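Chain U is already provided as a structure; the job is to place chain F on it using the hints.
There are 2 protein chains.
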Amino acid sequence: MAVSIAHLGPSGTYAEAAALVYSNWLAQSFQQEALLCPYPSIAQTLNAVALQQADLAVVPIENSIEGSVTMTLDTLWILDKLQIQRALILPISHALMSHATRIESIQTIYSHPQALAQCQAWLERHRPNAQLIPTNSTTEALQQLEHDRQAGAISSQRAALLYKVPILAHPINDHPDNCTRFWVLGLQSSPGGTHASLAFSVHDMPGALVKPLDIFAQQGINLSRIESRPTKRSLGDYLFFIDLEADTRQSFVQSALEELRHHTDTLKVLGCYDILPKRIVDLANL
Amino acid sequence: MAVSIAHLGPSGTYAEAAALVYSNWLAQSFQQEALLCPYPSIAQTLNAVALQQADLAVVPIENSIEGSVTMTLDTLWILDKLQIQRALILPISHALMSHATRIESIQTIYSHPQALAQCQAWLERHRPNAQLIPTNSTTEALQQLEHDRQAGAISSQRAALLYKVPILAHPINDHPDNCTRFWVLGLQSSPGGTHASLAFSVHDMPGALVKPLDIFAQQGINLSRIESRPTKRSLGDYLFFIDLEADTRQSFVQSALEELRHHTDTLKVLGCYDILPKRIVDLANL
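Read top to bottom, the protein sequences are chains U and F.
Just so you know, this note's numbering puts the end of the first sequence at 286, numbered straight through with nothing missing.
Just so you know, this note's numbering puts the end of the second sequence at 572, numbered straight through with nothing missing.
Just so you know, these hints were derived from the structure itself, not from any lab.
Bear in mind the structure is a predicted one, so any value in this text is a computation, not a measurement.
C-beta: ideal position from N, C-alpha, C; glycine also.
It is possible that part of the hints are untrue.
Claimed, not checked - Not close to chain U: a few residues of chain F, all C-beta gaps over 12 Å, as computed: (1) Gln-339; (2) Thr-466; (3) Leu-525; (4) Asp-568.
What the hints assert, rightly or not - When the alpha-carbon atoms are kept at most 27 Å apart in a straight line, the in silico DSSO-like pairs for lysine-lysine are as follows: (5) Lys-518(F) - Lys-278(U); (6) Lys-518(F) - Lys-554(F); (7) Lys-564(F) - Lys-232(U); (8) Lys-554(F) - Lys-367(F); (9) Lys-554(F) - Lys-497(F); (10) Lys-211(U) - Lys-554(F); (11) Lys-211(U) - Lys-232(U); (12) Lys-268(U) - Lys-232(U); (13) Lys-497(F) - Lys-518(F); (14) Lys-554(F) - Lys-450(F); (15) Lys-497(F) - Lys-211(U); (16) Lys-211(U) - Lys-268(U); (17) Lys-232(U) - Lys-81(U); (18) Lys-268(U) - Lys-497(F); (19) Lys-268(U) - Lys-81(U).
Pulled out of the complex, with its shape left as it was, chain U reads as follows (with noise of 0.2 Å):
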């Protein structure tokens, strides 16, 4: 039977880009077949995995220039139920699309707050007087060009290819190393891995952040990344987001998270896997 993954849509997202090829590798490597489900917003995709209505989400959660991905963290504090299963980190290519004939008469660009702050430089070199227009994604950017054949949409080419719009420029972003980090997450936690991911909470904010972070200094484990939120209690009350380079069947890191259960408020778990090699992103080829 097929793996449905939902996904943020429509067609043609970054997001769609990622289910692809966890699909085609789940393809590949297991002859197991998969259904795409987008969704019309992160909250969504995950949400869908809670019900049950899908099998697994693939959702962004970090980008290499904007940071995080706010809705994902928040809404994952929330769901406590989903696992991460794997991870894998896409190369982001931005490219300049319309109807238009030159970039010279294009007046309005409509994308993704995130894809225009992406491309701020080039924007200001070649359109400084553009109206950016922001849209809920870069797919629906382009789908604004429907109704208005002189704007320009900032989005990925094979979405330009999928929507039938010229590409006019390619790549456009300001920074070339741009990839975004996604999360592949089920209801079933993956076996272990070489990545473990933690969110919890302190009783008080100052100075609490240090005893978590020497627990795992004094084992020797890498801590790859920190991320703050809002409780949304109050300003200056918040949740903590780690990312060890751990594997949580090992006896050490038992201990180190045992040891952090009594120096947290609430501490969740929220999966140990393994990051998808780039070979098999490369190999998707989209």
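For chain F alone, coordinates are given in the frame of chain U:
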């Protein structure tokens, strides 16, 4: 001579309200007149001070629900001449406004993505099928109502009055304790205060954050906030923004900063400042 204060415009934004609070306080405490100067983006607001087009900038740094305003952090890391002079915390209360007579007839709702996110539960309860359209500011959402009189906008009560649009529901934010912290920045550093803010990069992320945090813990200096941002060089490479409850005029704070310099790659002291008391903010009655 009047002091010029740059802020995110146009008229009616929460950033303008924060700038008004500060200018009222300048007038009452120092008989200092102020001139408000709206700019189209946070980056341009901060740049105006760096380029000496304005004396001060008032910019949002953090919201209690949505977290960091990443544009402010990223721009401050680049423009290292700017110094924080003061902080202020503004209560945020959203209203739904429209020229339509009934909430039930509204099919489209415009607002800044952060405001839409902050009213998510209210919107799902009252207008679950309305199309939510992101705009560059809450004020720009109001301006859309000139073309589309049956649409709704989410903005402040003050903006509704300024633009003469009837309020249909207020407050509609999901969390009643919604507030935003702003910084007032200029080219001169303030003589000192109750809080200090720093930004630094570390050589190697794994474990490298423990030492900086430990320096402050050893000196009994409370950390009120930590935020990580990507360096934009490659995924997994971060900067850290830290707020301390400390006055940099005190010698033990100076020694802690001196020690920190040895354990960081680049260290920037963004300023040492006081927080404007709540009664001053309430007095402005915006």
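Results of checking the hints against the structure:
1. Gln-339: holds (17 Å)
2. Thr-466: violated (8 Å)
3. Leu-525: violated (10 Å)
4. Asp-568: About 16 Å separates Asp-568(F) from the closest Cβ of chain U, which puts it past 12 Å; holds.
5. Lys-518(F) - Lys-278(U): Satisfied, since the Cα-Cα distance of roughly 20 Å is no more than 27 Å.
6. Lys-518(F) - Lys-554(F): Holds, because 18 Å separates the two Cα atoms, which is no more than 27 Å.
7. Lys-564(F) - Lys-232(U): Cα-Cα ~20 Å, so holds.
8. Lys-554(F) - Lys-367(F): holds (10 Å)
9. Lys-554(F) - Lys-497(F): Roughly 17 Å separates the two Cα atoms, so the pair holds.
10. Lys-211(U) - Lys-554(F): Distance of about 25 Å is within 27 Å: holds.
11. Lys-211(U) - Lys-232(U): holds (23 Å)
12. Lys-268(U) - Lys-232(U): holds (18 Å)
13. Lys-497(F) - Lys-518(F): Distance of about 23 Å is within 27 Å: holds.
14. Lys-554(F) - Lys-450(F): violated (44 Å)
15. Lys-497(F) - Lys-211(U): holds (12 Å)
16. Lys-211(U) - Lys-268(U): holds (17 Å)
17. Lys-232(U) - Lys-81(U): holds (21 Å)
18. Lys-268(U) - Lys-497(F): holds (25 Å)
19. Lys-268(U) - Lys-81(U): holds (10 Å)
This entry does not satisfy hints 2, 3, 14, going by the numbered hints stated previously.
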